[in-house]
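*Asks:* Between the sequences and the hints, there should be enough to build the whole structure, so can you do that?
Protein chains in written order, with our numbering: chain C, 1 to 153; chain V, 1 to 153; chain X, 1 to 153; chain L, 1 to 153; chain F, 1 to 153.
Keep in mind that the hints were calculated from the coordinates and are not lab data.
Incorrect hints may have been included.
Identical copies look the same in the list; a pair holds intra-copy or inter-copy alike.
To be verified - Listed next, the in silico EDC-like pairs over lysine to aspartate or glutamate satisfying Cα-Cα at most 20 angstroms (straight line):
#1 21 with 136
#2 67 with 146
#3 67 with 100
#4 2 with 22
#5 67 with 103
#6 71 with 147
#7 71 with 22
#8 67 with 147
#9 2 with 99
#10 2 with 121
#11 24 with 121
#12 2 with 30
#13 24 with 118
#14 71 with 100
Take a look at the letters that make up each chain.
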Amino acid sequence: MKIGIADTNFARYDMARAAIKELKRGCSAEIIRYTVPGVKDLPVAAKILIEERGCCLVMALGMPGPKPIDKTCAHEASTGLIMAQLMTNTHIIEVFVHEDEADSEGELASLAERRTREHAENAIKLLYYPERLTREAGTGQREGFEDAGRVGD
Amino acid sequence: MKIGIADTNFARYDMARAAIKELKRGCSAEIIRYTVPGVKDLPVAAKILIEERGCCLVMALGMPGPKPIDKTCAHEASTGLIMAQLMTNTHIIEVFVHEDEADSEGELASLAERRTREHAENAIKLLYYPERLTREAGTGQREGFEDAGRVGD
Amino acid sequence: MKIGIADTNFARYDMARAAIKELKRGCSAEIIRYTVPGVKDLPVAAKILIEERGCCLVMALGMPGPKPIDKTCAHEASTGLIMAQLMTNTHIIEVFVHEDEADSEGELASLAERRTREHAENAIKLLYYPERLTREAGTGQREGFEDAGRVGD
Amino acid sequence: MKIGIADTNFARYDMARAAIKELKRGCSAEIIRYTVPGVKDLPVAAKILIEERGCCLVMALGMPGPKPIDKTCAHEASTGLIMAQLMTNTHIIEVFVHEDEADSEGELASLAERRTREHAENAIKLLYYPERLTREAGTGQREGFEDAGRVGD
Amino acid sequence: MKIGIADTNFARYDMARAAIKELKRGCSAEIIRYTVPGVKDLPVAAKILIEERGCCLVMALGMPGPKPIDKTCAHEASTGLIMAQLMTNTHIIEVFVHEDEADSEGELASLAERRTREHAENAIKLLYYPERLTREAGTGQREGFEDAGRVGD
Chain C
1 MKIGIADTNF
11 ARYDMARAAI
21 KELKRGCSAE
31 IIRYTVPGVK
41 DLPVAAKILI
51 EERGCCLVMA
61 LGMPGPKPID
71 KTCAHEASTG
81 LIMAQLMTNT
91 HIIEVFVHED
101 EADSEGELAS
111 LAERRTREHA
121 ENAIKLLYYP
131 ERLTREAGTG
141 QREGFEDAGR
151 VGD
Chain V
1 MKIGIADTNF
11 ARYDMARAAI
21 KELKRGCSAE
31 IIRYTVPGVK
41 DLPVAAKILI
51 EERGCCLVMA
61 LGMPGPKPID
71 KTCAHEASTG
81 LIMAQLMTNT
91 HIIEVFVHED
101 EADSEGELAS
111 LAERRTREHA
121 ENAIKLLYYP
131 ERLTREAGTG
141 QREGFEDAGR
151 VGD
Chain X
1 MKIGIADTNF
11 ARYDMARAAI
21 KELKRGCSAE
31 IIRYTVPGVK
41 DLPVAAKILI
51 EERGCCLVMA
61 LGMPGPKPID
71 KTCAHEASTG
81 LIMAQLMTNT
91 HIIEVFVHED
101 EADSEGELAS
111 LAERRTREHA
121 ENAIKLLYYP
131 ERLTREAGTG
141 QREGFEDAGR
151 VGD
Chain L
1 MKIGIADTNF
11 ARYDMARAAI
21 KELKRGCSAE
31 IIRYTVPGVK
41 DLPVAAKILI
51 EERGCCLVMA
61 LGMPGPKPID
71 KTCAHEASTG
81 LIMAQLMTNT
91 HIIEVFVHED
101 EADSEGELAS
111 LAERRTREHA
121 ENAIKLLYYP
131 ERLTREAGTG
141 QREGFEDAGR
151 VGD
Chain F
1 MKIGIADTNF
11 ARYDMARAAI
21 KELKRGCSAE
31 IIRYTVPGVK
41 DLPVAAKILI
51 EERGCCLVMA
61 LGMPGPKPID
71 KTCAHEASTG
81 LIMAQLMTNT
91 HIIEVFVHED
101 EADSEGELAS
111 LAERRTREHA
121 ENAIKLLYYP
131 ERLTREAGTG
141 QREGFEDAGR
151 VGD
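*Replies:* Quick look at the structure:
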């Protein structure tokens, strides 16, 4: 079993290190890492990891900047990541941390670390423990932040 | 006959439970459930349910958050769900309840329950009673809210 | 020759009735109707009408609501309808009437009736009389409203 | 060698006439014209011209209106035209003139005439004289307006 | 090994010259240049360079204008470039310099020169030295501007 990690040198935090640590803690899959310049390069990298490197799931890690153009880039990348999944019938877990989600550099680093780790847990559940995701369904999970929780009932 | 249900652990209400209850009430199809983290993971999940699990219709259930980034995610997910349908010639009924459609948590829960159930009815009509949909054509149906009704005539 | 009509029960006017009346007045094609819940279900319905029911043209009829989310849905549906055309090399005539294009319910009904009929005429021209479209090229045709007319010359 | 021209009866100027005149002046390709109602019908028309009528390049001519909905239509059409090119490995030169680019009807007509002609020249260069395009690379060409010119150097 | 360069005559700076200089400095790949009118013509040009001219990577160089319509064009082009990559499993490095990123023509020229060169370095790393990209992962690289640097740690 191989898990791919596509990350960028545009990001200001080594999200892949966080992902790898968490994946290694939770499963014994082989990890293949593929670094590209920016988030718009992630879709094809993820597709190559799936189709040419045999990965059965990819984590796509990016940190879009705070400007409007960065938001547009992130949107384009996300659209591409969804398309890549549809072309391969394989999950690509998008982990994007927007620079303006945090108020300081330290907070940005913590958020990136935590969100990446929590999404690595999601990756493991998707591959090994899908019933755990179903148990959490509708519970308002929020990666990197406090969970929002259930409403009603 | 198999019907797929793709839902998320991001949602704050167990929409799948509502869907399953309604589907079981109205037909005898086997139901296959597939829970993913968020709405952007729904398109590939729906496509897998169709192509690898034999579902002839999928309900895609999600609850996008209230922030602009959540709206963008929902838009990306919707675009992917339409693409997945075109790639499979199979209906995927999108049931999204936006957190900011309701004024309180209780109202949000009721809306999610009701909209999901009414879309489950739509799913049943699409599969078993298409003539009922045609009879309702142009009557301003609104899932989760009061119907808007006809104009003219 | 078969012409498909995909319509919705979300719409507040029976646009399909208008389309069928006009199509029957202008040609002898067999008409196949397929009603779905909302505009986002139209792309796959249209593609099914083309690929599985043998239609050589489809009219996709919808009435998006006035809220921003409705505008987004309409945009997603339109994108899907264009993709469906590219995947089938077949025309899908989109006839969308936005609720906020009219000032009253009566006006909305008239607009829906008129625009649908004028697009049914376009459908007939595309299939039977393409030279008539070329004769009208550049003349500022507006379905449902007064034509805008030529500029220059 | 065949060149396709897809145009609309929504446009308020006979852009195809301008294109045909310029193409005939610059090359001996056979010209096939295909008129559709609006810009959203252009992508499939262009693809049909390429795949079923043997065109090795298509000019897609349209004149989007000034309202926000018209801008959205133009965006959807452009996205479809790019997709059609990717599906066929063939250039489709988009020539859109937005009604609100001009201050008067006369100016709109002149702009449509000039932009169409200058894009017809581009079409000829793409097919017959690619080295001329390379010679112009980075020179700030603007079809229909004064060129913007080089910066730097 | 062949590297493609797709550029435009709309751009106001000869970005291809900068790219070629940098590529020749860093590798011995054959370079194939393909100039098109504008950024929306880049996706199909890049795909042709890959599929019909044997390029194993393409740089797509463009300089979108400052108006809202130019931003929309750039967005459409970017979406197409990502799609072209997914259809070919090949990297297309997008190098777009927006006219309004710079305060003067001189600054615009410098930015275009520098960003293009730094992306040419990225292209070389992707093809020949992928481990260097991984070494830079998470370091906040910014092509054409000062790097943003790491956060945390």
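*Asks:* With reference to the structure, classify each hint as holding or not holding.
*Replies:* Going down the list of hints, with the structure as the test:
Taking CA atoms no more than 20 angstroms apart as the test, residue 21 paired with residue 136 passes between copies only; the shortest distance there is 18 angstroms, against 23 angstroms inside one copy. With identical chains, the CA atoms of residue 67 and residue 146 are at most 20 angstroms apart between copies only, with a shortest distance of 16 angstroms across copies and 26 angstroms within one. In this homomeric assembly, residue 67 and residue 100 come within 20 angstroms of each other (Cα to Cα) both inside a single copy, at 9 angstroms, and across copies, at 13 angstroms. For a Cα distance limit of 20 angstroms, the shortest separation of residue 2 from residue 22 inside one copy, 15 angstroms, qualifies, whereas the shortest one across copies, 36 angstroms, does not.
Within a single copy, residue 67 and residue 103 get their C-alpha atoms as close as 15 angstroms, and across copies as close as 17 angstroms, so both meet the 20 angstroms cut-off. In this assembly of identical chains, residue 71 and residue 147 lie within 20 angstroms of each other by CA distance solely across copies; the values are 19 angstroms between and 24 angstroms within a copy. Taking the closest pair of Cα atoms, residue 71 and residue 22 never come within 20 angstroms of each other, the shortest separation being 28 angstroms inside a single copy and 29 angstroms across copies. Taking identical chains as interchangeable, the C-alpha atoms of residue 67 and residue 147 lie at most 20 angstroms apart only when they sit on different chains, with a minimum of 15 angstroms there against 27 angstroms within one chain.
In the homo-oligomer, the alpha carbons of residue 2 and residue 99 never lie at most 20 angstroms apart, since the shortest distance is 30 angstroms inside one protomer and 36 angstroms across protomers. For the identical chains of this complex, residue 2 and residue 121 are intra-copy neighbours only, at 15 angstroms inside a copy versus 29 angstroms across copies, given an alpha-carbon limit of 20 angstroms. In this assembly of identical chains, the alpha carbons of residue 24 and residue 121 lie at most 20 angstroms apart only when taken from the same copy (11 angstroms versus 32 angstroms across copies). Proximity of residue 2 and residue 30 under a CA criterion of 20 angstroms is satisfied intra-copy only: 5 angstroms inside one chain copy versus 32 angstroms between copies.
In the homo-oligomer, the alpha carbons of residue 24 and residue 118 lie at most 20 angstroms apart inside one protomer (13 angstroms), although the nearest pairing across protomers, at 34 angstroms, exceeds that limit. Taking the shortest alpha-carbon separations for residue 71 and residue 100, both the intra-copy value of 10 angstroms and the inter-copy value of 17 angstroms come in at or below 20 angstroms.
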